[in-house]
Amino acid sequence: MMRFYPGCTLSSSARPYRRSLEWVWQRLGIEMKELPGWTCCGATSAHALNRDLAYALPARNLAIAQGLGDELVVACSACYSRLKIAQKALENSRIRERVMKTLGRPLDGRVQIKNILEVLSEHAPRIQKEKTKAIEGLQVACYYGCLATRIPRVQGFDDREHPTMMERLVSAAGATTLDWPAKTSCCGASFSVIHEAIALKMCSQILEMARRCGADVLVTSCPFCQYNLDWAQWTRSRTDSQAPKIPVLFITQLVGLALGGSERDVMLGSNLTPHPCSPLPLKGRGARSEGNGESSV
Amino acid sequence: MTLIVQSADFLKEIEAHSGEMLRRCFQCDRCATGCPMASYMQHTPNELFRLIQLGAKEAALSSNSFWFCVSCYTCSVRCPNDIDIAQVMDTLRELSLRAGFPPALPQARDFHQLFLDCVRRGGRVSELELMARYNLKRRRPFARFALGWELLRKGRLELWPRRAISLHELFAPHPLLPSPSEGRGDRSEGGKEGRGQ
Numbered sequence: 037m038m039r040f041y042p043g044c045t046l047s048s049s050a051r052p053y054r055r056s057l058e059w060v061w062q063r064l065g066i067e068m069k070e071l072p073g074w075t076c077c078g079a080t081s082a083h084a085l086n087r088d089l090a091y092a093l094p095a096r097n098l099a100i101a102q103g104l105g106d107e108l109v110v111a112c113s114a115c116y117s118r119l120k121i122a123q124k125a126l127e128n129s130r131i132r133e134r135v136m137k138t139l140g141r142p143l144d145g146r147v148q149i150k151n152i153l154e155v156l157s158e159h160a161p162r163i164q165k166e167k168t169k170a171i172e173g174l175q176v177a178c179y180y181g182c183l184a185t186r187i188p189r190v191q192g193f194d195d196r197e198h199p200t201m202m203e204r205l206v207s208a209a210g211a212t213t214l215d216w217p218a219k220t221s222c223c224g225a226s227f228s229v230i231h232e233a234i235a236l237k238m239c240s241q242i243l244e245m246a247r248r249c250g251a252d253v254l255v256t257s258c259p260f261c262q263y264n265l266d267w268a269q270w271t272r273s274r275t276d277s278q279a280p281k282i283p284v285l286f287i288t289q290l291v292g293l294a295l296g297g298s299e300r301d302v303m304l305g306s307n308l309t310p311h312p313c314s315p316l317p318l319k320g321r322g323a324r325s326e327g328n329g330e331s332s333v
Numbered sequence: 032m033t034l035i036v037q038s039a040d041f042l043k044e045i046e047a048h049s050g051e052m053l054r055r056c057f058q059c060d061r062c063a064t065g066c067p068m069a070s071y072m073q074h075t076p077n078e079l080f081r082l083i084q085l086g087a088k089e090a091a092l093s094s095n096s097f098w099f100c101v102s103c104y105t106c107s108v109r110c111p112n113d114i115d116i117a118q119v120m121d122t123l124r125e126l127s128l129r130a131g132f133p134p135a136l137p138q139a140r141d142f143h144q145l146f147l148d149c150v151r152r153g154g155r156v157s158e159l160e161l162m163a164r165y166n167l168k169r170r171r172p173f174a175r176f177a178l179g180w181e182l183l184r185k186g187r188l189e190l191w192p193r194r195a196i197s198l199h200e201l202f203a204p205h206p207l208l209p210s211p212s213e214g215r216g217d218r219s220e221g222g223k224e225g226r227g228q
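Order-wise, the sequence lines are chains A and B. If you count by the numbering used here, then the first sequence holds residues 37 to 333, one letter each, in order. If you count by the numbering used here, then the second sequence holds residues 32 to 228, one letter each, in order.
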């Protein structure tokens, strides 16, 4: 059975991600159990200050997972990246010895770390067949951010510079995907806390690019990307209520909706930006696909 | 500054800590070209690497560049010499703090230390606790109040986080991590850094 590593954000700012992916799993009959006793991967902070901790924190989770099954599924891009980087580093015997000494547990490096997009992609044909809500005509910009695909020296699940796995999922769900150039641009990550002006600028560039390419909605698989893009629009709307807005959804929210989930099922109301940016127009869109696409944005 | 090789000691120190072969850098500038933060940096990654190759320790460790590195790994996956540049930035940040250079973004250091303290005590990070402690540390207790309220209202903040387990055993004594007995050991620096922003 696959084990799921949720990471810290999924019970807090990315709760809609967790809610929607659990709904989708249930709907598709994917069996998944939370990794017992999991702890934080250390995210950016561990590798920013302490090299050894940056390996020990993910390794602790790998040590738990290796006794429980072969596959560890990770939804958060930062967790995925840290776990993959640590696993790669642990191939070095000197690092492995050091980490095992700290942990007091053996590490065999056998766990297969899988991104949520990989798992969902395996079910793309079913999503295509079983979708019940028409979302045709919805122009979707898939946004990957940095950490899901750019992992040094690690063969990832998709192309580093031009990933397409999310596009395949969105197409399976029945929406139209956009070719746009900012899909792996950086949202600023923790700069939304430590230096807001820089993060706002980075998010604005991504949102502006999506808007210019005609996106009705952005989807992402990264909790930080979703939060930052949502936050940036919310922050801007406080000084400029007329600023254009684009809803930013988790990929599992869009897939959940297509599979017949209600707004509640996928926690659609959790977007920070109120009505004009609310993805609610998603609902009626299929029914009146001839309507003009501008109205919802 | 004299740009002649003083000694290879610093280069070796950085290479040993990061595990990356910095001597391979031949200034192709690809890291700087793709870096989303380059415009905020005193030295682009390749310039920084040149300083390190030349043994200019002081100049490299006092640079603001690694504080503005957002760890997006664009440079790391594009480097034609297979240098994990973001990893070197981590090394420089760690060694710079250890050597006592004031951080260009003290708030970033505070954020990371508080984050890790949450992990040490509870195994997981509560965003609410982290932000509250960060606000107190930065002496802006009501910063982002409206945002916090909005997140709470939308069900995106966890009021009573479930803690997994404390991880004290993983946190070996380390000069950059706040130790449980001493509390915040870095308070004395706070005043002079505050002006740097």
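One thing to keep in mind: the hints can contain errors.
According to the in silico footprint, chain A covers these stretches of chain B (three or more CB under 8 Å from chain A) [what the hints assert, rightly or not]:
#: 1; segment: 55 to 64
#: 2; segment: 79 to 86
#: 3; segment: 105 to 118
#: 4; segment: 135 to 145
I should point out that these hints are in silico values taken from the structure, not numbers from a laboratory. Positions of the beta carbon are idealized from the N, C-alpha and C atoms, including for glycine.
Verification of the supplied hints:
1. With a cut-off of 8 Å between beta carbons, the segment 55 to 64 of chain B has 0 residues touching chain A; three or more are needed, and the interface restraint is violated.
2. Taking a C-beta to C-beta cut-off of 8 Å, the segment 79 to 86 of chain B contributes 0 residues in contact with chain A, too few for the three needed, and the coverage statement is violated.
3. Closer than 8 Å: that is the beta-carbon criterion, and the segment 105 to 118 of chain B has 7 residues meeting it against chain A, so the requirement of 3 holds.
4. A count of 7 residues in the segment 135 to 145 of chain B with a Cβ less than 8 Å from any Cβ of chain A is obtained; the coverage claim is therefore met, three being the minimum.
The structure does not agree with the numbered hints 1 and 2 stated previously, though it agrees with the rest.
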